[in-house]
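So the sequence lines, in the order shown, correspond to chains V and A.
Residue numbering for the first sequence follows the working numbering, starting at 35 and increasing by one per position.
Residue numbering for the second sequence follows the working numbering, starting at 2 and increasing by one per position.
Don't read these hints as lab results, they were simulated from the structure.
Here a beta-carbon is modelled for each residue, glycine too, at the ideal position from N, C-alpha and C.
Keep in mind that the hints are not guaranteed to be accurate.
[To be verified] The calculated label-pair distances, taken between Cβ atoms and stated as ranges, are:
#1 Leu291(A) to Tyr164(V): 54 to 62 Å
#2 Asp74(V) to Ala342(A): 53 to 61 Å
#3 Met55(V) to Arg183(A): 32 to 40 Å
#4 Glu271(A) to Tyr172(V): 50 to 58 Å
[Claimed, not checked] One side only, chain A facing chain V, incomplete, derived with CB under 8 Å:
#5 Phe204
#6 Ala207
#7 Gln211
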Amino acid sequence: MTTRTLAVVSAGLSQPSSTRMLADKLTEATVAKLAEQGIDVTVETFELRDVATDIMHHMLTGFPSPKLEAVIDAVTGADGLIAVTPIFTTSYSGLFKSFFDVIDASALDGMPVVIGATAGTPRHSLALDYALRPMFTYLHAVVAPTGVFAATGDWGSSADSVKTLPARIERASGELAGLVAASDRSANVTDPFALERPFGHLIGGLAGE
Amino acid sequence: MQFGIFTVSDITQDPTTGRTPTENERIKATLTIAKHAEEVGLDVFALGEHHNPPFWSSSPTTTLAYLAAQTTTLQLSTATTLITTNDPVKIAEDFAMLQHVADGRVDLMLGRGNTGPVYPWFGKDIRQGINLAIENYNLLHRLWREDFVDWEGQFRTPLQGFQSTPRPLDDVPPFVWHGSIRSPEIAEQAAYYGDGFFANHIFWPASHTQRMIALYRQRFEHYEHGSADQAIVGLGGQVFMRKNSQDAVREFRPYFDNAPVYGHGPSLEEFTAQTPLTVGSPQEVIDRTLGFRDYVGDYQRQLFLMDHAGLPLKTVLEQLDLLGEEVVPVLRREFAKDRPASVPDAPTHASLVAARNAARASGESTAPRGAAFGTAAVKGA
Chain V
35 MTTRTLAVVS AGLSQPSSTR MLADKLTEAT VAKLAEQGID VTVETFELRD
85 VATDIMHHML TGFPSPKLEA VIDAVTGADG LIAVTPIFTT SYSGLFKSFF
135 DVIDASALDG MPVVIGATAG TPRHSLALDY ALRPMFTYLH AVVAPTGVFA
185 ATGDWGSSAD SVKTLPARIE RASGELAGLV AASDRSANVT DPFALERPFG
235 HLIGGLAGE
Chain A
2 MQFGIFTVSD ITQDPTTGRT PTENERIKAT LTIAKHAEEV GLDVFALGEH
52 HNPPFWSSSP TTTLAYLAAQ TTTLQLSTAT TLITTNDPVK IAEDFAMLQH
102 VADGRVDLML GRGNTGPVYP WFGKDIRQGI NLAIENYNLL HRLWREDFVD
152 WEGQFRTPLQ GFQSTPRPLD DVPPFVWHGS IRSPEIAEQA AYYGDGFFAN
202 HIFWPASHTQ RMIALYRQRF EHYEHGSADQ AIVGLGGQVF MRKNSQDAVR
252 EFRPYFDNAP VYGHGPSLEE FTAQTPLTVG SPQEVIDRTL GFRDYVGDYQ
302 RQLFLMDHAG LPLKTVLEQL DLLGEEVVPV LRREFAKDRP ASVPDAPTHA
352 SLVAARNAAR ASGESTAPRG AAFGTAAVKG A
């Protein structure tokens, strides 16, 4: 049976957290879609709160603690990523952004990602497309066309009854599952200490050869 | 094995008194520190290069030339000389000159620098950092080994029949170390030329340093400069000592907590667990430093950062006393144990002259293997 790894990053802060709930819903749906294709999925879920001070220490010292390094390795070495943040002050939370700030800028190259966000009102839903999507595009990740935004009302009586939250999750997870099925990132993790070219070529290359 | 100190030349407020030394005070203090390093029996003093406050060391060869006149055995080096933004012709000239006035007690460590705006200040593009380091060093290497150089490259005006002057002392260039924290290209460059590789080490977990050194050793052997365990390795270290461990921690903590590089971040305890920083008794420093050999192998040079983060001159001199009297003699003795005879010492001018003369006597070509390859690979050469 084919296997894939799926990393899930949630920047929710409270317990229980609606951000984590959305992340879990997206995860369940994606795992189910991949199972339909005969693909077994290993899921690793990370709450950024658990490494919040480690992230800030990394920013200040330039290197990760062993605990944070394990999270970064798991996330950057996965076949796909579910990234969900609360919307604070019209954008992703500082914690969410800081985590991606301390990851090497090339570490998410080609990573299939589905983006999700939560907020108190649906009026912030475009934050997915003006904040999260450009960030992952800059990192050369492959962002699924559908992002899932869950306002507080989506969890209860004032939910969107036409394009329902479950329907949006279904659509986004289907897109991610397709990308993850085709991804072989976890098999191709490169050694950061490996050289792309031998040294003679580095010198020769400068002379335009 | 060589032991010494390196400084980044920072002018930092003493967080316990709120006082910031003047430029002149800090410059004079550094000269005193360097001279005291020799007095307590250390081998090496290495000085950084910066072009913006709060650092003062923009002209290392001027400082090192003064120290050459004030000392008799101290090996004078840099940590680091900017191979990216300096003209390699000027580096060739400055360090050959320093060799002559210092009677050969000179080597240098090349680095790319860590202050982004230095590149545009000197008309360079930081995105070309690695390529600048590679091309500039290729030229520097030739200027010291070929009397007349024809050269054309991407980053500097061409040279026709150029001779840098003065020629290296005894026609033997200063030994070069390449310093890098995280670029495998630089470890490769050091290996390619058979030069030394220095891992700053002090702000990074040991596992990282271990991998960079392993890469350098493997590539050194690949380029046929010797076996992997004969590659020339240097490490940084950072210590603060008092007779009693608790006194060291109590005294150093405010300096750690407010230090420019890591202050206001992880605790002293976390940082000492995750990096080679050691704050404690001389015996703890000895044990920790001896442990470096476990993950990089037998190595040639150990430099300690002793005078940063606003530590007052008096304290730094006391630290050097402890280092010279209690720590380094034990390290010399212990590192010598079980060290294979095939592992070389750090090259000095005398050893490089002797090696060159031996090669001449046996009729071998003295042209370094890497130089021939590099020359052929550069268009127009």
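Status of the hints after comparison with the structure:
Checking the proposed 54 to 62 Å range against Leu291(A) and Tyr164(V) shows it holds: the Cβ atoms sit about 55 Å from each other. About 55 Å separates the C-beta atoms of Asp74(V) and Ala342(A), a value consistent with the hinted range of 53 to 61 Å. Our hint of 32 to 40 Å for Met55(V) and Arg183(A) holds, since their Cβ atoms are close to 38 Å apart. For Glu271(A) and Tyr172(V), the Cβ-Cβ distance of about 31 Å falls outside the hinted range of 50 to 58 Å, so the restraint is violated.
Of the supplied interface hints, the one on Phe204(A) holds, with its beta-carbon coming within about 6 Å of a beta-carbon of chain V, less than 8 Å. Interface hint status for Ala207(A): violated, as the beta-carbon distance to the closest one in chain V is roughly 11 Å, over 8 Å. Given the 8 Å rule on beta carbons, the hint for Gln211(A) is violated: about 11 Å separates it from the nearest Cβ of chain V.
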